[in-house]
Amino acid sequence: MNRKKAISIIAKQIRNNYLIAANGFISRDLFDVYDKPSNFYMIGSMGLASSIGLGIALKKPKKRIFIFDGDGNLLMNLGSLTTIGYLKPKNLVHVVFDNSSHESTGGQPTHTKKINIDKIAKASNYKVFKVFFPNDLSKILSQIKKIDGPILILVKIKNSSEISKRINLSALDIKHRFMKNLNS
Amino acid sequence: MNENNQRKLFDYLLKSKFEGFVGVPDSTMKYFIDQGLKQKKILITTREDESIGIAVGMSLANSLSVVFMQNAGFANSISTITSLVQLYKIPLLFVIGWRGYLKNDAPEHTKIGEIQSKLLKIIDLQSKILTDRNWKECARWAISQLKQNISCVLICKKDFNE
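Going down the list, the sequences are from chains A and B. Residue 109 in my numbering is what sits at position 109 of the first sequence, and the numbering runs on without skipping anything. Residue 1152 in my numbering is what sits at position 152 of the second sequence, and the numbering runs on without skipping anything.
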C-alpha cells in the first residue's frame, strides 16, 4: 500500500474526527483525498504535527485527535513521543506512515530502515499497532475506538510516483476553518 | 528580576487567563517556573520548538499560552516561529531568558546574548525587557498584543551571578 491509499482508508473511516497532518506529501495527499474543515494542514515546521496534536488533545479531552505523521517527521521530534507518553492523553491517536524515506524531498533514506519506531513508542507508554495491509488497517481503526490513547499506528508504506496537488488554501484559511470547527 | 517579582509575574499571568505554561527551563527565570510548578501549571518539554508546537495546539483550541525558554532555545526555534507561529498568525507570549547579558556570563552565552535583540527585531517580534519596576506594565502590554492576535516577547535578564 502506498501513502495515498493508506491516508484515504483512514480519512474516510474516521470521517469528521480532528486531524493534524504533517507537512509535505502527507498534507497534500490528505487534501487531495478527503479535504474537510477539521483537517489542519501543516505547511512548514517539520516534526511538530505530534506536538500541535498534543496541545489540542490536552485542551479538548472529549474529542479524539488524530495525527498524521511521517517517519522523517517523527525522527525530527522524537522527544515528543516521551512528552506524549508522559502525559498519556487518552484521546490522542498518532498515525505514522513509514516508508523509511524522506519522500517529499526526493526519497532520501531515514533511520527507520534499521530502527523500530514501534519499540520506541512502546517504551514511551503508547499502545502500538503495526500495519502492512489495507484490510488490517480498517480492522485496527475499528478496534481502537474502544481503546484509550495514546495510540500509535505504524503504517508501513511503499514509495509511489504519484504526487498529489498542492494545497490551495492559505495558512490563515486552514487555521480559521479548523478553529471554527473545533471550538463551536 | 528578583524572586518575589518573578513569582508575582507568574501569578499575574495565570490570573490573566493564560492557561498553558509550556517550555524548557532557564535559570534566569527559575522562580517564575517554580511558582508554576508548585501550582501544577507547568509543562516542561524536551525542546523549545516542541513547546511552541504544543502551545500552538492549545491556542487552536482557544486557550492562551506562555512559552518560556532560554535565549539558546530561542535561537533553536526561529524557523518554528517564522513558519508556524507567524505564518498562521498564532498569538503566543514568549518569555525568553537573556543569558550573556552580563559580560562575565559563561562563554556559550556571549554571542547569542549579543545578537538576541537584533534577532528579535529581524524576525519582527516585539519585545520588552522585564525589570523589578516595570513587570506589571510589561505583562499588561503583552496581554494587549495577544488580544490583537500578535505574538510578543518578555525578556528576563540574567543580571546576577550565582
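Source of the hints: derived by calculation from the structure; they are not laboratory data. Glycine included, each C-beta is placed from N, C-alpha and C at the ideal position. Hints should not be assumed to be uniformly reliable.
[Unchecked claim] So these bits of chain A aren't anywhere near chain B, every CB distance computed over 10 Å:
(1) D32
(2) K59
(3) D148
[Said to hold, decoys possible] Straight-line C-alpha distance at most 20 Å; calculated PhoX-like pairs for lysine-lysine:
(4) A:K88 with B:K1040
(5) A:K88 with B:K1041
(6) A:K175 with B:K1147
(7) A:K139 with A:K175
(8) B:K1041 with A:K175
(9) A:K36 with A:K88
*Violated hints, by number in ascending order, as checked against the structure*: Those not satisfied are hints 2, 7, 8, 9.
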